[in-house]
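*Asks:* Heads up: the sequence lines are chains A and V, in that order.
Under our numbering, the first residue of the first sequence is numbered 1, with each subsequent residue one higher.
Under our numbering, the first residue of the second sequence is numbered 1, with each subsequent residue one higher.
By construction, these hints were calculated from the structure, which means they are not laboratory data.
Glycine included, every Cβ here is placed at the ideal spot set by N, Cα and C.
Where hints are given, some of them may not hold.
According to the in silico footprint, chain A covers these stretches of chain V (three or more CB under 8 Å from chain A) [unchecked claim]:
| no. | segment |
| --- | --- |
| 1 | 41–48 |
| 2 | 66–76 |
| 3 | 88–97 |
| 4 | 103–117 |
Here are the computed lysine-lysine pairs in the DSSO-like style, where the Cα-Cα straight-line distance is at most 30 Å [said to hold, decoys possible]:
| no. | chain 1 | residue 1 | chain 2 | residue 2 |
| --- | --- | --- | --- | --- |
| 5 | V | K45 | A | K274 |
| 6 | A | K91 | V | K94 |
| 7 | V | K94 | A | K245 |
| 8 | V | K274 | A | K45 |
| 9 | V | K47 | A | K45 |
| 10 | A | K2 | A | K201 |
| 11 | V | K102 | A | K245 |
| 12 | V | K94 | A | K94 |
| 13 | V | K91 | V | K165 |
| 14 | V | K130 | A | K243 |
| 15 | V | K45 | V | K83 |
| 16 | A | K102 | V | K91 |
2 protein chains.
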Amino acid sequence: MKIHTLGCYAATPRTMTNPTAQVLEIKNHMFLIDCAEGTQVQLRKHKVKFSRINHIFISHLHGDHFFGLPGLISTFRLLGREKEMHIYGPKGIKEAITLLLKLGDSWTNYHLYFHELISKESELIFEDEKVTVHTIPLTHRVYTNGFLFREKLDDRKLNIKAVEKYGIDKSQYRNIKKGKNVVMDNGDIFPNKKLTFDPPKPKSYAYCSDTAYMPSIVPQIEGVDVLYHESTFLESEKHLAAKTKHATAKEAASIAKEANVGQLLLGHYSTRYKTIDLFKEEAQEIFSNVALADDGKMFEF
Amino acid sequence: MKIHTLGCYAATPRTMTNPTAQVLEIKNHMFLIDCAEGTQVQLRKHKVKFSRINHIFISHLHGDHFFGLPGLISTFRLLGREKEMHIYGPKGIKEAITLLLKLGDSWTNYHLYFHELISKESELIFEDEKVTVHTIPLTHRVYTNGFLFREKLDDRKLNIKAVEKYGIDKSQYRNIKKGKNVVMDNGDIFPNKKLTFDPPKPKSYAYCSDTAYMPSIVPQIEGVDVLYHESTFLESEKHLAAKTKHATAKEAASIAKEANVGQLLLGHYSTRYKTIDLFKEEAQEIFSNVALADDGKMFEF
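I would like the entire structure built from these sequences, with the hints used as guidance.
*Replies:* This is the structure we're talking about:
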């Protein structure tokens, strides 16, 4: 599982800082999460093979999470994309994108599917054999969802030495990987555990931005491997966080601690601070395993 | 008169090239012409004092001329702008911008005035004491206008030595600058020419992008000091120019020659070519005074 943080600063794009966009690589998927202005250039700059993106998740319709989407969609058209694209985001996203394409007489020649979100409860919005994606309803100035990405448990790993030793026919392998025991011709039963190894523990990633401090999300994100939680402010500006429905680094760390996550990734920093190290210092007073997202930084878990 | 060419490449933004945006400084105005994705970062990068922009002219609603506008409008809000902003562009621009602001619950706290264009004839869209702006209807795949910016003739310059020599009262200066003769108490008439110098010749700038080769614009732009004319292609790709309703460098030069302009500025280059010098070479076979726009380049006339 890899997370490319293409942009992770709050509000406006600047010469050296980009607003929010991430690419999550998970089980052969390349999911784009949020798409601020400039995202397509960030994708090029950091050499992300963005033709592989087939699913885009938009947390909310503030410009610093969304204004790069019309351009990215148009660029895919200009690059001759044929594969369908799925876009998940708040209700209204379809109207906005289709209006812009209509005004430019620039319909895509690939299929564009919109999955508009309105629920205030968590819901399953994507599922295939390998991965699920659920929304994490958040609290912000407009309707906002985080996203919880979970790998499914893989098949059990075949113990090649064991199956060969017991002369088990290859036609049985598929069932064995699915966890079934093997009944031999003579009636003997080989318990699955003797023929397989445990699959790797499925990984999980919770993306929570933008949001006020919201302890009610803790049960849903309990035990995830990585939590990205916004920390627009430090505690010294807690009043601004409350006013604008953002969180502080300390609050993000409290969520991480309560949810007993593996690692906390901070981001969505206000540019008022001289160094983002201050966010890490503040968070680590509460929760030790903290990393700082930064534009162009890649994390592998 | 200064022209900051912030971006002048066709189609998608890339790591090293930006789509169209320009700032024209003329008579204390700072006019933004087109606003592709990334324009606000280009404005910062090239240290243009963009709080001085009060008028934005959008040629057409293709993304590479327009998708930076929602973000720029939002950034002005975040920066606490109070001055009104005027936006001139094709019908539909108001619906698009207001929808995006509505979805983000991000209304501007400054006044935003839209001047939507529908006419296929040239029209006066801005005028004050110093400057006029007319549309230049162009031919492209969607409704498109170029813009013709003209300084008005300044007042005549007072010949201070002369007015003092003849003892003319200061209360007369305003009329003298307006070109009036002076009648002295004894009935003598001082002809204005003895008391003033000619004002500088007013400057003019014609911006024509995007457009197919369109000789019918020649009478309108006759004799302008500077013509920016798109040259997406070279003659070797003339078939693509015809198909996509763009122009070649040679065609741009033909317009410049026919209209007898002072200087031709080329731009809106397709990124298929290894060097933009090829555009200059091709154009100069027709018209000698050619300059190449490039991202971040500033021209002073």
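*Asks:* All hints are to be evaluated individually against the structure, with a verdict given for each.
*Replies:* Hints and how they fare:
no.	hint	verdict
1	41–48	holds (count 3)
2	66–76	holds (count 7)
3	88–97	holds (count 5)
4	103–117	holds (count 4)
5	V/K45 <-> A/K274	holds, 19 Å
6	A/K91 <-> V/K94	holds, 20 Å
7	V/K94 <-> A/K245	holds, 29 Å
8	V/K274 <-> A/K45	holds, 19 Å
9	V/K47 <-> A/K45	holds, 22 Å
10	A/K2 <-> A/K201	holds, 16 Å
11	V/K102 <-> A/K245	holds, 18 Å
12	V/K94 <-> A/K94	holds, 18 Å
13	V/K91 <-> V/K165	violated, 58 Å
14	V/K130 <-> A/K243	violated, 45 Å
15	V/K45 <-> V/K83	holds, 23 Å
16	A/K102 <-> V/K91	holds, 12 Å
Violated hints for the displayed structure, listed by number in ascending order: 13, 14.
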